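Chemist: So you can see what is in the structure, the chains are spelled out below.
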Amino acid sequence: MILYLVKRLVVLLASTAVAGVAVFAFMGLLPGDPAEIALGVNATPEAVAALREQFGTDRPPLVQFFDWFGGLAGGDFGTSYVTSSPIGPQISERLAVTAVLVLGGMVIAVLVAVPAGTFAAVHHRNPLGAAISALSQVGIAVPAFLAGILLVFVFAVKAQALPSGGYVPFSEDPAQWLLSLLLPWSSLGLVQGAVLTRYVRSSVLDVMREDYLRTARAKGRGRMGALWRHGLRNAAVPVVTVLGLQLATLLIGAVVVERVFVIPGLGDLLLNGVAARDLLLVQGVVMVLVVAVLLINFLVDVAYAALDPRLRGAR
Amino acid sequence: MATPAGTPVIEARDLTRVYRRPRTSLTKPGEAVHALKGVSLTVMRGERYGIVGESGSGKSTLLRLLCGLDRPTGGSIRFAGQEIAGRRDLRFLRDDLQIVFQDPMSSLDPRMKVRDIVAEPLVALGRPIGGRVAELLEEVGLPASAADRYPHQFSGGQRQRIAIARALAPRPKVLVADEPVSALDVSVRGQILNLLADLIDAHGLTLVFVSHDLSVVRHVCESVAVMSEGEIVERGAVDTVWATPAHPYTRTLLQAVPTLEGLL
Amino acid sequence: MRGRINAGLIVGGVLVGLVVAAALVSFVWTPHDPTLVDAARKLQEPGGGYPLGADKFGRDTFSQLMVGARTTLYVGIVAVGIAAVIGAPLGIVAGMTGHGWLSELVMRVNDLVFAFPALLLAVMLGAVYGAGTLTAMIAIGVATVPAFARVARAATLQVMVTDYIMAARAAGRTRRAIAVRHVLPNISSVLIVQASVSFAIAILAEAALSFLGFGTRPPIPSWGRMLQESQELLFSTPRLALWPGAAIALAVLGFNLLGDGLRDYLDPKLRRIRAER
Amino acid sequence: MLSVDGLSVHADDLRLVRDVSFSIAPGERVGLIGESGSGKSLTALSLMGLLPEGVTASGSATLAGQPLVGVPEKQLTRLRGRTVSMVFQEPMTALNPLMRVGAQVAEVMTLHGAARAAARARAVELLERVRLPRPAQLARAYPHQLSGGQRQRVMLAIALANEPELLICDEPTTALDVTVQKQMLELIAEVAPALLFITHDLAVVAAMCERVLVMYGGRVVETGPMREVFTRPRHRYTEGLLASSRLTPRGTRLPTIKGSVPPAGGFPGGCVFRNRCPHATPECETEPELTGDGHGYACWHPGD
Amino acid sequence: GGGGGGQSGGASPSKQETLSVGFVAEPANLDFTSTEGAAIPQALLVNVYEGLVKLDQDGKIVPLLAEKWEISEDRKTYTFTLRKGVTFTGGAPFTADDVAFSLNRVASDWKLKIKTQLDVIDKVEKKDDTTAVVTLKRPSNGFLYAMATRLGAMFSRTGVADLATKPVGTGPFQLGSWKRGDSIQLTANPGYWGAKPALSGVTLKYFKDATAMNNALLTGGIDVISSVQAPESLQQFADPGRFQTVEGTTNGEVVLSLNNGRPPFDDKKARQAVRHAIDHKALLDTAWAGRGQLIGTMVPPTDPWYEDRTGDYPYDVAKAKELLGGKTYTVKMRVPNLPYAVAAAQVVKSQLAQVGITADIEPLEFPARWLDVVFKQGDYDISMINHVEPRDMGIFADKSYYFHYDNPAFGKLLAEADQGTEQDQAGKLKQAAKLLSDDAAADWLFLFPNLIVAKKGVTGLPKNAIAEAFDFTGLAKQ
Ligand SMILES: Nc1ncnc2c1ncn2[C@@H]1O[C@H](COP(=O)(O)OP(=O)(O)OP(=O)(O)O)[C@@H](O)[C@H]1O
Ligand SMILES: Nc1ncnc2c1ncn2[C@@H]1O[C@H](COP(=O)(O)OP(=O)(O)OP(=O)(O)O)[C@@H](O)[C@H]1O
Ligand SMILES: [Mg+2]
Ligand SMILES: [Mg+2]
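Chains as they are written, first to last, in the numbering used here: chain A, 1 to 315; chain B, 316 to 579; chain C, 580 to 856; chain D, 857 to 1160; chain E, 1161 to 1638.
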């Protein structure tokens, strides 16, 4: 168990380092010199040179990399060339928003998918079960932003029941915070819930065919009892993978929902950074996203170990 | 086919094979599994050599080594006088030694037609195929029309015939069989064993036959080696071992097998 | 060995067939030039040679949908092609080397690439090379590589423990021959299923990118962009959003159903290896 | 005690088991033999009410006065694991991989009303009874940490936990080594109450059972006291089976049955064995009844 | 004197209300001395920073921090008399020293291209605390106008340390908070010298998506849409019981830029062909819902020297083809990824296709990438941008400007106009505008409309957006 975790942790750290290099190298490809861009069209060469020195972009790439990467370790993302403000706090502020959005959405997804998927699997031979899995197929096919737009149309514009967008920080007004997140959560949650439902269903179906479920029934458990006691945890193993995958893609994927609902999340920050050619900012956001995904992978591995004694390798 | 009996075909000396399990703890290295602990055996030309032992005793490992599919951790294997352990170019071995596996379900590629399955060793060895496939199918008692079908269209016994046809394709001198009848119905088992016996006689094959069932080995082979925990604990003429087992393990083995004769 | 032809397979096949047919026909015929701006036809109601009406530029919605199918397939084919061409061999190599260091390395690199989702890559690539269909496809393709590699590896591992691989080795087959003659055919059904599912995801990704302005360039019709452009008219002319929205949903549905159906049809035994998103 | 009458099993329009009737007296050990695909497992599963989805049983079966076929699941759950238990063929997959084996043994007792603590203690006793070493530690192990034979013993412990009246064993030793098989068989013989023992190995039946049922193509083709059936088989199938089970010394040809067992649905009408039977005549196209009391057989041309 | 910014809003009793106004582009930072773009002055000028003068709704220059000013005979010396009792937020008094400081700083510290407009300043002197004297190198009609733009904004000598995040001005509002990616909050400046604005604060909310902004107004998330980005959607706001729509004009000319510096548009005939090929009315109708005004050259109707030049190049496909001499071209059309540009580009492409010009549209992110590729490197054949700066015909006089228009006669006309009398100025500029049109230096697609939608009851909305700032001082809510 410990060995397993240590191994995963080493992989996590190594991947982070490699990802750092990759991101840095990739960003080096961005056209334009930050100093020139910052100074605009008619800047004098001296002014540009001075600004380059101020930004530190006149140094060799390797030095820049280590400076940047070293800073990351201490939580220092540098200072934006464009907004001249430190990047770290911006990212953490946005990350918090996106995290709340994505986690909330996934909670809804799980709350929808686990019962729906299980039900669809158990009743896969009757119309209601088939209807649920058909519904989930349709849910998967709807782009998240379309779901968002429709939700806004129905609940905000027509019914005037909820705000159409905007984000109110929890610290400002918890009630408004909740209201402002209900629709974004729902649009993420329903679409992702549909995806998850499908996986829960097929995972439960697989488990239902397992011998040990038959054993449980031979002991005197009913169909559902056996599934509940022995099946769900086994079914959870592949579902956790999908959950991890979804979380990982949503961190950036939520940007479309952030757009629809005008939520100042991390994806939005990234797009702003790209639009403004804010190199360091983009680099920082990409790095945070990548590390977050790596971290999610790590957590998925840990979850496996927690769920499945075979992976703990103890004999 | 004239095969001078009395010359060794396979000579294995002090074979060891250690598998390392992945480590499970930070401090200790992964557990070592000694699948073979110094196995020596000699198979003579034309001999039918049986290997019996329980699951995990190292039979399959030994076979893999003999067939050049795996490398021993230590020891030497000579095939027709040439060393094969650790050698890369094993063409001489492939030409002369072929193998039949236990499970006819999984030993035939489900995506290949029987024709291609049977011809595979010839293709791999760059030999002409010609009418060989039909010839082989006939020899194992299958209609020529079988060539254009897929393995799943055959029963277990038929599939095992296809596997035998494949093994015979390059006209090997040695046939290695890993539990070839364990997965078959009793009613079919006899057919396959009879077929094997006929083919061995017809082609003067040397046979290495692995089984967990001493009575099957007794029917097929003249010599036998009994394996337990990676070692050969007893060897000799089958009838001798059957009648007067020397090693306690062999005795256990013999007593464990229920036989109709003994019970009725 | 084959499973039964199921309803999903049929529905999926029909939907995908419709998309393909629309795309193919659009090469030789569309009711109108889908990019022709005609102020006189602005927001024309359906009818009179405009079966689904026209958009605010007076462009025929039906023609745009047809040509949009082309874009959809184009994105899917190239993206899935990239992913399959890179991912499948990687997965096979990793699977064939079992649990060795090479396999481990491939999988770790895979995990790393996985950390760059399609959208992120598209934004990054778009930032460097300019947004467009090609960058979108490359991004989606590269981001899908890990899914292919994983699935190919899992299937290859299953194939590698079978006796027919042993038999092929004993017959003297080289590694490459084994990969091409045995592994590839036996994992092809898994790859086809993965391709189908990835195709659906690529369509959704393209739509999302178009929504963000990182997708297909105007005026080339794309369902995602049609949807995006129709937003401001959602209240007054909802049909402009309805059609591309439905087209996307049905195409995605089609590919997903096709994938599921193919899995059950081609290889019921391999159903444990699931296509990944 | 167990009496089965006209039991049939269908999958869609395929009849997989046809008209099976037999009974087992308290303490009696009955063997059910037949090659792969003859319908042994389905017969057993239909008694447990555990048929796979899409497969249904008809006919009647009663155990100690309680009906087993065509009754609601609820009623069956009370019987399963208490009045009748079953040990399955595959020891590697029959245990929940995520649960400690002790808990899996205790579960069957708490399910039928035992207190938790008592069940746990008794689980250890049961593990000892099936001769597992260091039962207390073993109870805390996960299934993957046990060998196949050990797992099968755990399965047996589960089956015996509530002192059932009937134990059904479906090829419990096929996946095990011969030496392990022997111990296992001895153990079963020692602990079993009434027993329905399924196997394709005639010798095993001979060692275990007093009475045998021979199945082929979903039908019971011969039934009777073990000794009698094995020494004087009447059905030609039984005869062939016995002949090919005897492995004669080297150099002799083995007797065989021609052809092979067809897949489900591929058996001929009339006598299911007629396409492989050396004695088949046109008469065999009509289905033979299972006749003869004590020693019954369904054959138009019985051996003597 | 009297007046200033506070005039119009002082009417309603101090019912301390706040308003939310939706905007499109969020500033990257708050320093308009070093960062290009319209977003910063739109938020801060007049509201936070004030100049000596400002433009009123009709485009007239009116006093602000200067009570009055005198212009010398030779039109080279401007003497500004400053308002008394004005302080910067934070308490520093506003004096002539600050005027000198601010205007000198333009040359020394500003990093914007437009700062050259104040190159005519020779020196700035303080006569006494409330009198500042600006001497020009030559007479300039544009000087005072430039002083009404961000170039004339007055900075505190102690308030420029952190312009990017901490603006210090004399205006009626001060920066409250800035939630990046979301909104900027301005609060009333308690120490403001003039009449207090009716609002106690204004929230500027930023929307990247036009639909999201519309929805916000529909659902009460904001009170005002400062500039409608999806004019087709206006009918959602048709209910007069809930909303009001203000439609006015701007001085934003949506210019179809043609690269005069390289083939094919280095050829006047090719450019003229483009002008004939475009059906401007149809373009406006389809791309921008018919809102806005057609223009034929770089002068909006609000400028005194406006002439209707829309008839110069009537829509005429045959004529266009003739001008092209039967040749066909494939050109790069690189446009900013802004709603109006992406919409209009598709229409232009379709119309140009009729005359044999294939335009490949490539939307570039605005501002960074468009500025880099088109504006700076000039790597384009056709582009399109709304030139929002007021009285900006002069950009055509700069050969290095991305149009690469090169006609010395044009530059001469502009110089004469700047230095001549006011009558001279109008005449010369009319000639210059005609010359631009004749030369087809570019095509002018339409004049961007000022489209504001607000909840019913919001008053003081600026009808025309002809200055850089969105002036909140007059805004009130009933
Ligand atoms: N690839 C491997 N890695 C680790 N251990 C292995 C590997 N292959 C075999 N072993 C171990 O080596 C030992 C011998 O295995 P082998 O397969 O040779 O036994 P066998 O006698 O053929 O058994 P069976 O009758 O079950 O086929 C076993 O303990 C097995 O677990
Ligand atoms: N769910 C099912 N649907 C359709 N056919 C089935 C199903 N389960 C079993 N069968 C078929 O029914 C027949 C009898 O199956 P059963 O499992 O009872 O055989 P068996 O005698 O136990 O064989 P084995 O020795 O292989 O376990 C076989 O031909 C099998 O293919
Ligand atoms: Mg083996
Ligand atoms: Mg069975």
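Simulated from the structure, these hints should not be mistaken for lab results. Treat the hints with care, since some could be wrong.
[Claimed, not checked] Some but not every residue of chain A turned toward chain D, in silico, with C-beta under 8 Å:
(1) K7
(2) R8
(3) R52
(4) T57
(5) R59
(6) K158
(7) A161
(8) D211
(9) T215
(10) G220
(11) H230
(12) P238
(13) L307
(14) R310
[Unchecked claim] Below, a list of computed lysine-lysine pairs in the DSSO-like style, where the Cα atoms sit at most 27 Å apart:
(15) E:K1429 x E:K1273
(16) A:K158 x E:K1615
(17) E:K1536 x A:K158
None of these values were measured; they are calculated from a predicted model. Where a beta carbon is used, it is the ideal one built from N, C-alpha and C, also for glycine.
Chemist: Decide, hint by hint, whether the structure agrees.
Modeler: Hint check:
| no. | hint | in the structure |
| --- | --- | --- |
| 1 | K7 | violated (19 Å) |
| 2 | R8 | violated (20 Å) |
| 3 | R52 | violated (59 Å) |
| 4 | T57 | violated (54 Å) |
| 5 | R59 | violated (54 Å) |
| 6 | K158 | violated (45 Å) |
| 7 | A161 | violated (44 Å) |
| 8 | D211 | holds (4 Å) |
| 9 | T215 | holds (5 Å) |
| 10 | G220 | holds (4 Å) |
| 11 | H230 | holds (5 Å) |
| 12 | P238 | violated (13 Å) |
| 13 | L307 | holds (7 Å) |
| 14 | R310 | holds (5 Å) |
| 15 | E:K1429 x E:K1273 | violated (31 Å) |
| 16 | A:K158 x E:K1615 | holds (17 Å) |
| 17 | E:K1536 x A:K158 | violated (46 Å) |
In summary, the numbered hints that this structure violates are 1, 2, 3, 4, 5, 6, 7, 12, 15, 17.
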